[in-house]
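Trainee: In case you want the letters, here they are:
Number of protein chains: 4
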Amino acid sequence: MIIAMEPGAEREHVEAVIKRLQQEGFQVHISQGVERTVIGAIGDRTRLKADMVAAMPGVEKVVPILQPYKMAARDFKPEGTKVEVAPGVTIGEGEDIHIIAGPCAVESRQQLLETAVAVKEGGASLLRGGAYKPRTSPYSFQGLASKGLEYLAEAKALTGLPVVTEVVDASLAQEVAQVADVLQIGSRNMHNFALLKAVGRAGKPVLLKRGLAATIEEWLLAAEYILVEGNFQVILCERGIRTFENYTRNTLDLSAVAAVKHLSHLPVMVDPSHATGRRLLVPPMAKAAIAAGADGLMVEVHPNPQEALSDGPQSLTPEEFYKLVKELKPFLEAVGRRLGRLRDEAEVRSSLSRS
Amino acid sequence: MIIAMEPGAEREHVEAVIKRLQQEGFQVHISQGVERTVIGAIGDRTRLKADMVAAMPGVEKVVPILQPYKMAARDFKPEGTKVEVAPGVTIGEGEDIHIIAGPCAVESRQQLLETAVAVKEGGASLLRGGAYKPRTSPYSFQGLASKGLEYLAEAKALTGLPVVTEVVDASLAQEVAQVADVLQIGSRNMHNFALLKAVGRAGKPVLLKRGLAATIEEWLLAAEYILVEGNFQVILCERGIRTFENYTRNTLDLSAVAAVKHLSHLPVMVDPSHATGRRLLVPPMAKAAIAAGADGLMVEVHPNPQEALSDGPQSLTPEEFYKLVKELKPFLEAVGRRLGRLRDEAEVRSSLSRS
Amino acid sequence: MIIAMEPGAEREHVEAVIKRLQQEGFQVHISQGVERTVIGAIGDRTRLKADMVAAMPGVEKVVPILQPYKMAARDFKPEGTKVEVAPGVTIGEGEDIHIIAGPCAVESRQQLLETAVAVKEGGASLLRGGAYKPRTSPYSFQGLASKGLEYLAEAKALTGLPVVTEVVDASLAQEVAQVADVLQIGSRNMHNFALLKAVGRAGKPVLLKRGLAATIEEWLLAAEYILVEGNFQVILCERGIRTFENYTRNTLDLSAVAAVKHLSHLPVMVDPSHATGRRLLVPPMAKAAIAAGADGLMVEVHPNPQEALSDGPQSLTPEEFYKLVKELKPFLEAVGRRLGRLRDEAEVRSSLSRS
Amino acid sequence: MIIAMEPGAEREHVEAVIKRLQQEGFQVHISQGVERTVIGAIGDRTRLKADMVAAMPGVEKVVPILQPYKMAARDFKPEGTKVEVAPGVTIGEGEDIHIIAGPCAVESRQQLLETAVAVKEGGASLLRGGAYKPRTSPYSFQGLASKGLEYLAEAKALTGLPVVTEVVDASLAQEVAQVADVLQIGSRNMHNFALLKAVGRAGKPVLLKRGLAATIEEWLLAAEYILVEGNFQVILCERGIRTFENYTRNTLDLSAVAAVKHLSHLPVMVDPSHATGRRLLVPPMAKAAIAAGADGLMVEVHPNPQEALSDGPQSLTPEEFYKLVKELKPFLEAVGRRLGRLRDEAEVRSSLSRS
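Residue numbers (the numbering used here), protein chains in the order written: chain A, 86 to 440; chain B, 86 to 440; chain C, 86 to 440; chain D, 86 to 440.
If you are wondering where the hints come from, they were derived from the structure by calculation, not from laboratory data.
Don't take every hint at face value.
If chains are identical, the list can't say which one is meant, so a pair holds when it fits in one copy or spans any two.
As the list claims (entries may be wrong) - The calculated EDC-like cross-link candidates involving lysine to aspartate or glutamate, where the alpha carbons are at most 20 Å apart (straight line), are:
hint, residue 1, residue 2
1, K146, D160
2, K167, E235
3, K167, E97
4, K289, E91
5, K104, E91
6, K241, E303
7, K162, E91
8, K162, E120
9, K232, E145
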């Protein structure tokens with residue numbers, strides 16, 4: 086880290102900082118300018134001490150140089166992480182591009198099964214659907230809870246689609262992990278560290294949505310919480326950040342996708358539905374996400390958006406979803422990738438016998 | 086709610102909307118303009134249906150008119166809620182102004198006891214200190230956990246100061262409630278609805294910090310989650326929102342204090358330490374908070390900020406804290422209020438015998 | 086517009102609002118709910134009166150329904166505006182996709198001519214380069230001014246490339262218009278209304294960058310200022326908005342591209358260089374912009390970014406630019422469009438003789 | 086400045102950076118860590134070269150240490166600038182606190198004169214009123230232009246109040262300066278550098294509003310543009326920044342007031358009217374501004390807000406203004422200051438004869 090002392094900082098303050106850094110085991114370089122002293126401290130592998138130094142008298146600014154995440158960093162695993170969810174469903178750099186689709190919330194058995202069949206038909210290789218729903222208002226539909234999980238299990242049995250569903254509290258991680266193939270951490274919970282630790286220990290891949298006010302660095306630190314628990318099956322998901330613009334529900338930050346690809350080895354997906362909040366904008370943003378380098382998409386589909394108990398305005402009908410998937414093809418080709426698809430048992434067996 | 090149809094929306098789409106609204110029991114008023122039809126729907130007490138209507142074909146925009154929170158609204162309790170934490174420590178409109186002070190985190194028995202004695206001496210009537218700490222990085226100090234709670238209990242026994250400490254997960258609500266007099270919900274957990282429900286049922290007053298990207302409406306809805314559980318002892322706390330400005334850690338939104346006083350009956354405190362992230366800015370913002378109408382302050386104090394395991398740069402030393410409290414006096418007088426102070430047992434007894 | 090009265094507003098206040106609306110020629114619909122009165126006023130073609138009504142006693146909220154821009158709105162010209170800059174260089178919906186490339190600032194004759202030749206070679210059909218530069222610091226390079234315009238004229242004579250350059254003050258509009266084929270309004274000047282009016286009267290196409298804190302509505306209103314002056318040759322340019330994220334210079338809002346396509350008939354380009362501020366992110370964002378439906382790109386190219394007097398870190402070298410243009414091809418095909426290119430005189434003549 | 090090389094940057098890249106820095110006259114200190122090389126460069130008095138170095142291969146990040154403004158910095162003039170506008174009206178640190186009041190826009194002779202008399206009566210010592218108005222929509226009232234200036238001159242003759250009015254284009258600086266005692270730069274023009282230079286040369290004090298998306302550093306750099314022209318009579322004015330919160334028109338950033346007091350010697354005023362956009366919030370924010378250390382207030386007053394051609398909802402009536410000024414008194418006392426007031430000719434003469 087770099088410590089800039091205030092212009093005219095007292096000599097004893099400068100010396101106190103140097104002494105402390107040396108005591109902490111840092112290698113110290115002092116640059117004495119006309120106006121101020123700047124101190125370089127090498128050895129700050131964790132950035133933990135920056136605040137302490139910043140609180141010392143005469144210190145104007147402490148600038149950390151190292152990125153604070155370690156295991157989430159690209160150089161920790163230069164080749165890129167691949168998350169295998171099911172046969173044929175491996176999410177990561179250079180792999181096929183997968184689409185997670187389904188309703189915002191599981192509302193009923195029929196709604197879910199109908200949607201599951203439809204999105205599989207349309208080209209999705211994973212099914213989404215919230216059994217536990219974090220809602221801004223206590224008066225909004227809060228999800229069917231364990232009943233919703235049952236329906237998800239049934240939808241999976243019916244279609245074979247692996248299931249992505251949200252965990253909203255650490256105490257639910259085990260229950261949800263019994264049904265889900267991928268545990269989703271929602272945007273509002275990205276900073277719920279107890280939850281991050283719990284899914285880190287639940288033994289299932291995790292889809293970590295970016296917090297609506299989280300910087301890229303904070304997002305990667307949230308991933309680090311999961312990695313530290315020994316779970317490396319983490320998929321990031323950009324879903325829009327909060328800005329002053331109000332035509333869209335959030336502002337989709339596609340440059341974050343490219344940035345994360347550079348900074349980290351973790352796969353990144355994009356959710357254009359929550360990002361825009363408007364059905365109309367989902368297809369162009371899905372295409373743009375592919376072009377930006379995303380490893381997959383998460384799209385809300387509802388058989389009847391105007392009856393949806395949440396997020397109707399941003400949900401595609403099955404027909405709109407089919408159309409989108411078709412339109413995505415040339416963009417997949419443009420990035421040299423294919424639409425990932427679930428392999429059924431017969432295929433899996435035959436591929437095993439060949440190998 | 087108001088439904089604006091698209092210009093040139095088809096007749097059947099307009100009629101479908103009207104029909105649906107009537108079926109849902111709304112009283113419907115149709116305004117036929119030159120360019121478009123606008124439909125007023127009276128009876129939307131919950132705003133739950135707005136999304137469904139917004140998802141119907143031909144609908145351009147749905148504008149809710151009613152505020153979505155009910156029990157947190159000013160007209161639910163026009164006289165203002167007062168939260169009694171301890172004898173002499175009642176927080177609310179027209180009451181004395183209380184200061185919560187203490188370290189960001191409980192770091193050791195000595196650090197906490199020393200700080201507790203100092204802040205009481207200085208004029209605080211509540212002690213803060215995190216036993217469980219939500220930290221952006223998994224490598225940062227995460228708090229002493231139950232050991233930290235023990236020290237808080239000891240500090241309370243020593244000084245008599247009621248204790249405010251954070252609950253970071255629903256599963257900890259009961260444990261923390263055994264020691265804490267006020268359960269704090271931190272900014273990053275304002276949208277952790279499982280936690281909000283848990284503290285709603287824990288039988289203790291709650292200090293609800295505003296989420297760093299939460300609108301005032303969302304903040305009041307988070308309070309509503311607690312109120313709905315039957316717990317009306319909720320104190321709001323503004324602590325800065327995230328903006329593009331980076332000189333300060335957050336941007337303190339003091340207009341939110343005045344706005345909340347208008348919109349809600351709940352007391353509001355201000356935390357100038359987290360809001361600014363700079364010791365230098367804490368005193369002017371503390372004064373401004375009082376002037377803006379806050380019912381109290383929450384200030385970080387550390388006996389030795391440069392050794393603090395978190396938030397050193399924004400922590401006041403005990404001496405700085407004493408100075409601040411002294412300087413606050415004329416501002417308290419200007420708003421016609423006094424510095425609240427804890428009454429000790431003798432006083433309580435004597436006041437009881439008088440009454 | 087819709088006027089929501091406060092709950093319990095006095096009868097005389099409600100009546101005053103109604104009376105006033107009627108006097109202003111509005112058709113008024115009254116909806117009397119249990120808690121409050123909501124008034125619909127039809128005929129508000131300009132939204133001018135909303136503030137006046139909002140200031141009346143008893144009024145809680147005024148919600149405008151109509152969009153405030155008229156000539157910039159899609160329904161004003163459903164078929165889409167096409168801006169013809171030069172033979173072969175027509176920018177707009179369904180047309181070829183054009184690339185504006187060149188240095189941030191004109192720094193010297195050699196730098197500009199060299200870059201101009203290079204970007205033409207690489208596939209650009211318009212040349213950018215600032216002669217007048219708006220710079221945050223008075224100590225930064227402010228541009229070569231009229232000398233810079235001379236060099237731009239020379240570069241145009243040499244390569245045939247039409248020139249896009251910024252006007253930073255109304256008084257310069259005429260001078261710049263003598264050299265420029267497209268007048269650029271920079272992000273910081275999007276709300277400089279005197280300048281908007283001046284370029285509206287300058288008789289040249291205008292490239293209107295989105296203000297860094299401007300909503301889509303405000304951006305279209307800025308376009309409206311130009312349209313109102315009779316100049317319909319307006320090209321919008323998204324270049325990132327200011328948010329809390331600091332890894333990128335700005336946050337590129339590609340959903341705004343799709344939104345503007347829906348709301349307006351004006352062409353939209355994207356500047357991934359200013360949006361991201363990082364060379365590394367320019368190619369993926371250029372591709373994503375095409376996928377999102379942009380009608381063109383504006384890319385900074387410098388023969389030697391590390392000597393650039395401004396914006397070096399986000400400038401591509403000519404080689405990187407060539408590579409990008411090559412990589413764009415499949416994305417252009419995916420959206421069913423081609424790279425636009427300038428036609429030279431011989432082609433123009435031959436095409437004229439054919440027609 | 087500090088240059089962090091990428092982890093594993095090539096030796097030749099590191100050497101190229103060092104060589105270049107030395108050629109530019111920097112004193113260079115190299116810190117060789119395990120993972121990366123960090124280079125400290127002393128002598129970067131202008132920060133101009135940071136971008137060039139950032140564009141060199143192998144460079145990860147360049148961190149400027151010096152603040153980029155010089156003449157606006159506190160250490161340039163530690164004692165604080167005082168701007169004398171008229172006898173008795175000196176704005177600055179330790180001086181009396183002045184209130185600028187008046188309508189948003191000059192709408193008519195009568196409206197202005199009536200308001201001028203009222204605000205003087207109420208305690209204002211400067212009159213505000215826009216003759217030229219920057220408006221988001223071309224269809225909104227754009228001001229009375231030179232007729233408005235005439236009325237302002239008349240109002241000044243009538244009441245003696247010095248006049249503050251906005252310059253919206255460089256070409257108008259001279260005309261406005263003939264009437265105005267203080268030239269206002271509006272928020273949307275804070276980055277209009279041609280205008281900043283023009284008012285820097287106009288020979289009148291300048292009230293520089295903070296841009297709605299400007300950081301404190303950018304705001305001080307805008308001031309620097311004026312100072313560089315030789316005009317040191319600059320008053321800063323905080324008026325709210327743009328954030329995601331939409332209950333208020335902007336978010337008033339009072340910590341910026343305290344920050345600017347620390348970073349700069351220039352006086353700072355606060356405009357609670359534009360900051361909040363709601364009449365209701367003006368009084369509490371005016372009080373908070375005083376408590377935060379502001380040197381003055383700018384408040385919108387209109388004799389009949391519901392007829393105001395702009396900003397009615399945030400304008401106080403004269404009666405509300407009187408009430409506010411009265412209520413401010415204890416807060417002025419709390420900060421040890423008094424309400425500034427214009428001295429009339431007799432007072433001035435008598436004070437001169439005494440001295």
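Trainee: Now, for every hint given, state plainly whether the structure supports it.
Mentor: Hint-by-hint comparison with the structure:
| no. | hint | verdict |
| --- | --- | --- |
| 1 | K146 <-> D160 | between (28 Å within a copy, 17 Å between copies) |
| 2 | K167 <-> E235 | neither (28 Å within a copy, 44 Å between copies) |
| 3 | K167 <-> E97 | neither (53 Å within a copy, 34 Å between copies) |
| 4 | K289 <-> E91 | neither (49 Å within a copy, 34 Å between copies) |
| 5 | K104 <-> E91 | within (17 Å within a copy, 28 Å between copies) |
| 6 | K241 <-> E303 | neither (33 Å within a copy, 35 Å between copies) |
| 7 | K162 <-> E91 | between (39 Å within a copy, 16 Å between copies) |
| 8 | K162 <-> E120 | between (42 Å within a copy, 15 Å between copies) |
| 9 | K232 <-> E145 | neither (56 Å within a copy, 35 Å between copies) |
Checked against the numbered hints given earlier, the structure breaks hints 2, 3, 4, 6 and 9 and satisfies all the rest.
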